[in-house]
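Chains as they are written, first to last, in our numbering: chain A, 400 to 853; chain B, 400 to 853.
Source of the hints: derived by calculation from the structure; they are not laboratory data. Just to be clear, a hint being listed does not mean it is correct.
Unchecked claim - Restraint-style ranges between C-beta atoms, simulated for each label pair:
id: 1; chain 1: B; residue 1: Pro642; chain 2: A; residue 2: Gly701; range: 46 to 56 Å
id: 2; chain 1: B; residue 1: Thr442; chain 2: A; residue 2: Arg663; range: 23 to 33 Å
id: 3; chain 1: A; residue 1: Thr442; chain 2: B; residue 2: Asp598; range: 16 to 26 Å
id: 4; chain 1: A; residue 1: Thr748; chain 2: B; residue 2: Glu799; range: 24 to 34 Å
id: 5; chain 1: A; residue 1: Gly497; chain 2: B; residue 2: Arg415; range: 23 to 33 Å
id: 6; chain 1: A; residue 1: Gly701; chain 2: B; residue 2: Thr442; range: 38 to 48 Å
id: 7; chain 1: B; residue 1: Glu827; chain 2: A; residue 2: Thr748; range: 43 to 53 Å
id: 8; chain 1: B; residue 1: Pro642; chain 2: A; residue 2: Pro642; range: 29 to 39 Å
id: 9; chain 1: A; residue 1: Pro488; chain 2: B; residue 2: Asp598; range: 16 to 26 Å
id: 10; chain 1: A; residue 1: Gly701; chain 2: B; residue 2: Asp598; range: 42 to 52 Å
id: 11; chain 1: B; residue 1: Pro642; chain 2: A; residue 2: Ser744; range: 44 to 54 Å
id: 12; chain 1: B; residue 1: Arg415; chain 2: A; residue 2: Ala420; range: 16 to 26 Å
id: 13; chain 1: B; residue 1: Asn821; chain 2: A; residue 2: Leu482; range: 40 to 50 Å
Glycine residues also receive a C-beta, built at the ideal position from the N, C-alpha and C atoms.
2 protein chains.
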Amino acid sequence: MEFLRIPSISTLPEHRRDVEAAARFLARKLEELGFPLVEVITTAGHPLVYADSGPRSADGTAATAAPTVLIYGHYDVQPVDPLDRWDSPPFEPVIRDGKVFGRGASDDKGQVWMHLAALEALREAAGSWPLRVKFILEGEEETSSTHLHEFLRRPEAREMLAADVVVISDTPMYAPGFPSICTGLRGIAACQIDVYGPDHDLHSGVYGGAVANPATVLARLIASFHDEAGRIAIPGFYDAVEPLTPAEREAWASLPFDETSLCREIGVSALAGEEGYTPLERMWGRPTLEVNGIWGGFQGEGTKTIIPASAHAKITCRLVPHQDPGAVLDSIEAAVRQRLPAGVSYRFTRMEGGRAWVTSPGNPFLQAAAAAMAEEFAFGRRPVFVRMGGSIPVVPALAERLEAPVVLLGFALPGEKFHAPNEHFHLENLRAGMRTLVDYWLRLGAWPAPLAGG
Amino acid sequence: MEFLRIPSISTLPEHRRDVEAAARFLARKLEELGFPLVEVITTAGHPLVYADSGPRSADGTAATAAPTVLIYGHYDVQPVDPLDRWDSPPFEPVIRDGKVFGRGASDDKGQVWMHLAALEALREAAGSWPLRVKFILEGEEETSSTHLHEFLRRPEAREMLAADVVVISDTPMYAPGFPSICTGLRGIAACQIDVYGPDHDLHSGVYGGAVANPATVLARLIASFHDEAGRIAIPGFYDAVEPLTPAEREAWASLPFDETSLCREIGVSALAGEEGYTPLERMWGRPTLEVNGIWGGFQGEGTKTIIPASAHAKITCRLVPHQDPGAVLDSIEAAVRQRLPAGVSYRFTRMEGGRAWVTSPGNPFLQAAAAAMAEEFAFGRRPVFVRMGGSIPVVPALAERLEAPVVLLGFALPGEKFHAPNEHFHLENLRAGMRTLVDYWLRLGAWPAPLAGG
C-alpha cells in the first residue's frame, strides 16, 4: 500500500521527485530484505535500482552451485487521467471484492512487490535463499526504457547483471483460470509521416481542385499500405517474415478464445484483419501497420474552408521474428517516396524500433516455471504457452546483452485495467503468484549447477 | 481610416461591441449622405444596416424612371492572428507605397467605403443621384451570413430590398491590370465524417492486426473519393454537372495565366487536379471534394501505441451550376455507408450548403458595368468576364429572393492578403473604382426605365 501510494508517473516532469521516491523506497526494502549490495544508479532520466544477494546467500550459506536469477521490474506507472473515471483515488489504494485498486496495482508495482514478499517469506521460512538473486528495477518502462537501454550498453552492465535466467513479472496471464507463460513478443518500428503542400493553408474555394491536398494525399498513402485482404501492401515489408508453423497454429487454435466476449470487452461489433489468419494469429504471429494518430487542417467546430498546408500521421508496425525494424522503416519510406504525387513533399521521421522476441517453451527454465505455476495455481491444468502482441523492448535487450533466457512469469489478468482508470490486481493471484515464485526458486535452487541459457 | 480602426471581428464574441460600433458608424455615414431612411436592423447575431434613398432622390428630384440599385457589402472582418506577422498593427491603418494597410482594407470595408464616397462625390458634383439607391450591409459575412439569410426569408424583406440590380464590390479583379467582372461562383456542400471503432483507445500491440483501425478506415474512405485521374469517384456526384461549353473554355483559355507564379504564390512545386482540365477550369468550372481537416488518435511528441477509438474528417465540396448541395451530400453519405468495412460505425453530419451561381455576361447591367470599368481603368483593355472558385452564398440568395441580376463589381487585387496578415488595398484601384461607380450610376440613371432582370 505504501508503494502504491507513491505517484511515480514517469512521463510527467512534475512527478520526477515521486519517481525518485519510489526508487528509494525499493532500495530501502531491498536493504531490509538483507541484500548486501543495493545501489540506486542515477541516469540522465529516472534512476535504476540494482541489488545483488552476492555469490553467497544473505546468511552466509554457500549458494554458488545454484543458478543466478536476475529479476527485472519497473516502479514507474502510467498517468491517471481521466481522473473522474476512477471509483477511488488512483494513489489511495483500497481493497474491494478481493482486489487491490490503485495505479500500478498490476502494472507493475504489485508484481514487483510479489518478488520482494516471496523472498522475504522464503528467508523467514528457510533461513536463506537457495540461489543468487539480482534485481534491476527501472523507472522508465512507461516511457521507453531509454536509460536502462543506455545502462545495458555500459561495459560494467554485463558483469553486474550476469545471470543464468532473467525473470520478469510484468505480463498478464492468458485468461482467468489459465495460468500462462509468455514465449513471444512482437517487435516494433515507429515512424511519422508528414506531407507538405502549400506553404500556408489555402482557401479551398479559390484554389480547390487545382492543388494537391496534403490531407487527401496522406489518406491515399495510408490507404495504399493495406490491400483489400488486409495484407500490408508495401514491397519488402514481409521479406523476413517466416510463416507460422503448423505446430504453433495448432497450439494457439487449441486455446479457448471467445470472439464475442473480446468484441464486447473492446466495444466493437466485429473483429477484422488479415484474411487467412485467426484473431490470435493476427495479434501474436503476424506483423501489423497501425495508424496511431492522424491530423492536419481544421479540427474545430463548424466549417473552415481550407486546403491544409500539411497533414501528419504517426504509425507503428508490430514485427515478428527476423524482421529488422530499420529494414521495415526503409520499406515504408520507399513506398511513401514512390507513391507521393506531384505538388507535395514529405518528411519521414524514424522513431523507436525493437526486434521481436521469441523463446522456446522447451527451455528448462520455462519448464520449471510452468511446473511451479501448475503446482500453485489450483486450476487443475498445466500453464499454457502463449505469445503477446505487444512489445517489451527490454526483453530482447536483456536476452541479447546477457545471453540468458528470459522467463515472462506474469500474474496479472486481462481486464485489470492496466493504463486505464480503476487499475487493480486480484489478491488470489497475488497470493498464488507469491507461492509460485517461492516454489520456482526452490526448484532452481535444487539444480546441481548453473545451466547454460537455453 | 476611422472605419478601418474599428476591430469588427465577427467571429470573436469579445468583439461584439466593435461589430455593433461599425454598424452604427455606417448608419451615421448613410444619414450624413442624405439617406432619408436608415435603419439598424437587430438580429439574433450582428445587426444589418439598411438604407433607402426613396422613390425620389435626396434633393427631391424625381428619379423614379431610372432603375433601383441595391448595394450589398459587409462591415465585419476576419480575425488578425498571427498578429506578429503584421508589419503594422491591423487596426491602426497606414498608407505605405500607395496602399492602405489594415484589416478590412480590401475585404470589405475599403470597398464598402468606395460606394459611400462615390455617392457623396456624385451628390456634390451633380446635386442628386440619378437613381434610387438602397444599401444592405451585414456584419456576419465572415461567419456565415446566418442572420442576413434569416432576414431574407422575412415577408417584408422582398419589398424593402426590391431592386432592378444588386451590385456587390467584394471580389478581386482577375489580375493587376485586368479589370474584371465575376460571372460565376461555385456552390458549397459541407459535411463531417466520424468513424468509430473500439469504445476506447486500444493498445496497438495487444490488439493490433485483429481490429479495424478507425484512422485507417477513414483514410481508405477518403482515398476512395477520388480516382487516379483526380476525378471524384462517388456514384451520382457528377449527375447534375453539365460540361463546360467550348465558348467558356475558349474565353478562359484566352486569359493570361502564369502557372509558375501561382505555384510561387502558394508555395507548391506543381499544380495538380482533375485530368483533362486546365487549372482555371478546375478552380472555376469543376466541382471538388476537399478535406479541410482530419484528426484522430495521438498527435503529441513521440509515440503512443494506440489504435484510436475514432477518426474524423471535415470535408467541403465546391459545386457547379445545377448541383444540389443536399443531393451531393446524399451521394457522399451513400458512398461512406457502402464502403465502410465491418467492425466500425460512422456518423455523417451535414453542415452548410449553397448552390453555385452564374450569370450571363450578356445581361445589360453587366455590360454597363463593364463599359464603366473600361472607361475608368486606363489599361486600354475591356474588362474580362471571369468566375471564382469560392462561394458567396448571399449572392445566389439575393438573386433568387429579389429575382434580380447581381453584378459582382469588385476592385480588390489577388495578393492583397484578404484574411491574412498585412491585408491592404491599392489606392489607385480605390480611386479608379470610385470613378467606375460614379460612371456606372450615371449610365444606369440615363436609362429610360427600369429593366427586367436579365
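Hints, verified against the model:
{"no.": "1", "hint": "Pro642(B) x Gly701(A): 46 to 56 Å", "in the structure": "violated, 34 Å"}
{"no.": "2", "hint": "Thr442(B) x Arg663(A): 23 to 33 Å", "in the structure": "violated, 50 Å"}
{"no.": "3", "hint": "Thr442(A) x Asp598(B): 16 to 26 Å", "in the structure": "violated, 38 Å"}
{"no.": "4", "hint": "Thr748(A) x Glu799(B): 24 to 34 Å", "in the structure": "violated, 51 Å"}
{"no.": "5", "hint": "Gly497(A) x Arg415(B): 23 to 33 Å", "in the structure": "violated, 59 Å"}
{"no.": "6", "hint": "Gly701(A) x Thr442(B): 38 to 48 Å", "in the structure": "violated, 19 Å"}
{"no.": "7", "hint": "Glu827(B) x Thr748(A): 43 to 53 Å", "in the structure": "holds, 48 Å"}
{"no.": "8", "hint": "Pro642(B) x Pro642(A): 29 to 39 Å", "in the structure": "violated, 53 Å"}
{"no.": "9", "hint": "Pro488(A) x Asp598(B): 16 to 26 Å", "in the structure": "holds, 24 Å"}
{"no.": "10", "hint": "Gly701(A) x Asp598(B): 42 to 52 Å", "in the structure": "violated, 26 Å"}
{"no.": "11", "hint": "Pro642(B) x Ser744(A): 44 to 54 Å", "in the structure": "violated, 34 Å"}
{"no.": "12", "hint": "Arg415(B) x Ala420(A): 16 to 26 Å", "in the structure": "violated, 51 Å"}
{"no.": "13", "hint": "Asn821(B) x Leu482(A): 40 to 50 Å", "in the structure": "holds, 45 Å"}
Violation of the numbered hints given earlier is confined to hints 1, 2, 3, 4, 5, 6, 8, 10, 11, 12; the remaining hints are satisfied by the structure.
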